[in-house]
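Peer 1: Construct the complete structure from the given sequences, taking the supplied hints into account.
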Amino acid sequence: MVRTKLVTLTTALLLGVGTLCGASFAQEEPTIYVIKQGDTLWGLSEQFMKDPYTWPNLWARNKEGITNPHLIFLGQKLRIFADRVEIVDERESLAAKPGTQPAKEQDLNREASVERLFTVTGGEGFLQEDGFKPAGHIISTFQNREIVGEDDIVYIDIGKGHGAKIGNRYAIYRKLAPVSHPVTNQILGVRVIPLGFLQLTQVEPDVSKAIITRSFQEISAGSFIMPYKDKRREVALKAATRDLTGYIVESRTGNKALSAGDVVYLDLGKRHGLAEGNMLYVTRDIQPDPKFVTGPIDKLPADVVGALVVVETGERTATALIVKSIDTIYLGDRVELTRNK
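Heads up: the sequence shown is residues 1 to 341, going by the UniProt record's numbering.
Treat the hints loosely; a few may be bogus.
The calculated label-pair distances, taken between Cβ atoms and stated as ranges, are [stated by the list, open to error]:
| no. | residue 1 | residue 2 | range |
| --- | --- | --- | --- |
| 1 | 233 | 299 | 37 to 45 angstroms |
| 2 | 144 | 206 | 18 to 26 angstroms |
| 3 | 144 | 286 | 54 to 62 angstroms |
| 4 | 204 | 330 | 47 to 55 angstroms |
| 5 | 167 | 270 | 27 to 35 angstroms |
| 6 | 216 | 29 | 51 to 59 angstroms |
| 7 | 130 | 36 | 44 to 52 angstroms |
| 8 | 297 | 214 | 51 to 59 angstroms |
| 9 | 339 | 143 | 53 to 61 angstroms |
| 10 | 202 | 150 | 12 to 20 angstroms |
| 11 | 330 | 187 | 19 to 27 angstroms |
| 12 | 133 | 303 | 39 to 47 angstroms |
| 13 | 211 | 285 | 48 to 56 angstroms |
| 14 | 234 | 36 | 21 to 29 angstroms |
Straight-line distance between alpha carbons at most 30 angstroms, and here's what the computed DSSO-like set of lysine-lysine pairs gives [said to hold, decoys possible]:
| no. | residue 1 | residue 2 |
| --- | --- | --- |
| 15 | 229 | 270 |
| 16 | 160 | 175 |
| 17 | 209 | 231 |
No lab work stands behind these hints: they were computed from the structure. All values reported here derive from a predicted model rather than from experimental measurement. Built from N, CA and C at the ideal position, the CB exists for glycine as well.
Peer 2: Structure (structure tokens):
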């Protein structure tokens with residue numbers, strides 16, 4: 001008997017398929033859709049639900065039914081109703097038929113395609129962890145100006161003795177306040193934001209002269225530099241290899257109330273098994289109203305209020321982009337990563 005995975009949609013997510021409207025629940029016939037090469041969860045969400053971020057949100061509320069939000073299978077069938085979607089698990093169907101040989105593992109793991117690419121601009125910033133060593137610092141500016149920008153001259157504390165050469169390019173950063181863990185109060189690192197780029201125009205044994213070629217924010221003496229690396233790239237979703245729970249510890253802007261499009265920093269990194277492309281869900285515990293509780297009750301299921309994608313990982317921290325928010329997200333909110341079962 002074919003087992004189906006039922007995903008119930010809220011009224012706000014009713015499918016915009018006109019041919020399905022008007023029929024009663026008991027009489028309606030579902031539209032059968034078969035996953036084909038090139039299909040993605042994001043594309044199907046846009047096609048049937050008019051919202052490409054519906055799938056992550058639905059998965060987060062139905063983890064037992066959909067074990068991996070990043071993986072769909074060629075030939076997998078969807079039953080599309082006016083008020084719900086049923087995902088038929090073809091692997092379970094084959095296993096349930098007597099005499100049917102299960103497909104090879106590599107066949108079961110075929111992805112229709114990469115669901116979504118997220119653009120990293122290089123302006124996301126990061127948490128500077130212990131052991132981080134900058135290449136150098138801006139030690140002075142032209143005529144000792146407090147603030148400089150594009151086309152201004154600055155001086156840095158590296159030269160020929162450090163391997164510097166005319167034409168070398170560097171990225172400029174500013175250190176801000178230390179960031180502590182919202183639960184343990186342990187210092188995780190220092191918030192760092194990018195300011196711009198510079199290029200060496202004159203190199204001496206221990207110091208160099210440079211011109212600022214691009215500035216995102218005001219630049220001043222004391223800013224540190226790192227060798228230039230084009231950080232603009234595409235980050236593809238990547239399935240998790242383990243279950244992890246962590247917290248949003250800081251945001252790029254320093255704001256405490258956040259939403260889709262904001263950059264945040266997490267207390268998880270490579271050491272914990274987190275990887276670029278992992279999608280985590282922002283969850284929040286729900287407390288029962290004591291006015292209506294008459295006896296002991298189990299812990300209520302957590303609310304899922306958003307989703308974020310990891311765009312860069314450090315050893316113990318990571319930078320992530322919020323891609324979906326159905327409620328305001330706050331510093332200190334819990335994040336969860338769930339591997340494919």
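Peer 1: Look at each hint and say if it fits the structure.
Peer 2: Against the structure, the hints:
1. 233 x 299: 37 to 45 angstroms: 40 angstroms, holds
2. 144 x 206: 18 to 26 angstroms: 20 angstroms, holds
3. 144 x 286: 54 to 62 angstroms: The hint (54 to 62 angstroms, Cβ to Cβ) holds, given that residue 144 and residue 286 are roughly 57 angstroms apart.
4. 204 x 330: 47 to 55 angstroms: 49 angstroms, holds
5. 167 x 270: 27 to 35 angstroms: 33 angstroms, holds
6. 216 x 29: 51 to 59 angstroms: At roughly 55 angstroms between Cβ atoms, residue 29 and residue 216 fall inside 51 to 59 angstroms, so the hint holds.
7. 130 x 36: 44 to 52 angstroms: 49 angstroms, holds
8. 297 x 214: 51 to 59 angstroms: 57 angstroms, holds
9. 339 x 143: 53 to 61 angstroms: Given a distance of about 57 angstroms, which is inside 53 to 61 angstroms, the answer is holds.
10. 202 x 150: 12 to 20 angstroms: Since residue 202 and residue 150 have Cβ atoms about 18 angstroms apart, the given range 12 to 20 angstroms holds.
11. 330 x 187: 19 to 27 angstroms: 20 angstroms, holds
12. 133 x 303: 39 to 47 angstroms: 42 angstroms, holds
13. 211 x 285: 48 to 56 angstroms: 52 angstroms, holds
14. 234 x 36: 21 to 29 angstroms: 23 angstroms, holds
15. 229 x 270: 21 angstroms, holds
16. 160 x 175: Cα-Cα ~26 angstroms, so holds.
17. 209 x 231: 24 angstroms, holds
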